[in-house]
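Peer 1: Put together the whole structure using the sequences plus the hints.
Residue numbers for the sequence shown follow my numbering, so the first one is 1219 and each next one is one higher.
Dumping the calculated EDC-like pairs for lysine to aspartate or glutamate here, alpha-carbon to alpha-carbon at most 16 Å:
| # | residue 1 | residue 2 |
| --- | --- | --- |
| 1 | Lys1269 | Glu1322 |
| 2 | Lys1393 | Glu1230 |
| 3 | Lys1360 | Glu1420 |
| 4 | Lys1360 | Glu1427 |
| 5 | Lys1375 | Glu1420 |
Hints are computed from structural coordinates only; laboratory data are not their basis.
These figures come from a predicted structure and were not determined experimentally.
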Amino acid sequence: MDLTKIFQMLMEGYVTSLHVFFLTLLGAIPLGVVVALGRLSRFKPLQVITKLYISLMRGTPLMLQMFAVFFMPYYVFGIKTGSGFKFTACIIAFIINYAAYFAEIYRSGIQSMPKGQYEAAQVLGYSNAQTFFRIILPQVIKRILPAMGNEIITLVKDTSLAFSVGVAEMFTTSKALVASQRTMVPFMIAAAIYWVTCLIIEFGLGRAEKKLGYYHD
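Peer 2: Now the structure itself:
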């Protein structure tokens, strides 16, 4: 098999990896905000539940969580799932896992804001919602962007774990090619693709940090 064919097959797997990546961000970023607000809530039961959720998601392997989501419908509810559920289970597991990490980043960012910001907004007549979305949130985004960037880059590499529930992403494709072609070239190409993807994300995050530079601490 020539390099062109190997590259084409890897790119097919890469498309699946990108689907996992973007769908995870689409679900985990807003869910993380909800979890963070629950974690900061003064309502004790909600605070305890979200704290337990974060601890569970961060304290157990993502691969184990994928297995739990994949097998739960059958072993807990007796529901049989088709082959298409593999991808769905993968996305659900990724979202609930990364939402926990994002929630802690959001929480640390929100709690790092000086109390004077809230007091000044109150004096100016802002409601709690207006204070959060117009004053606090833009500054929090700037503060948490480096930490969020680290998690997003980690997500690029973690997409390779999707193979554990049978999702054929790029890493799975490269393993199959290495086994069938008896060459390490597919692994080398896959590594280069992961690296270039991370470089692009780093560049984009760097540009975002510069644009948010007008929010000075």
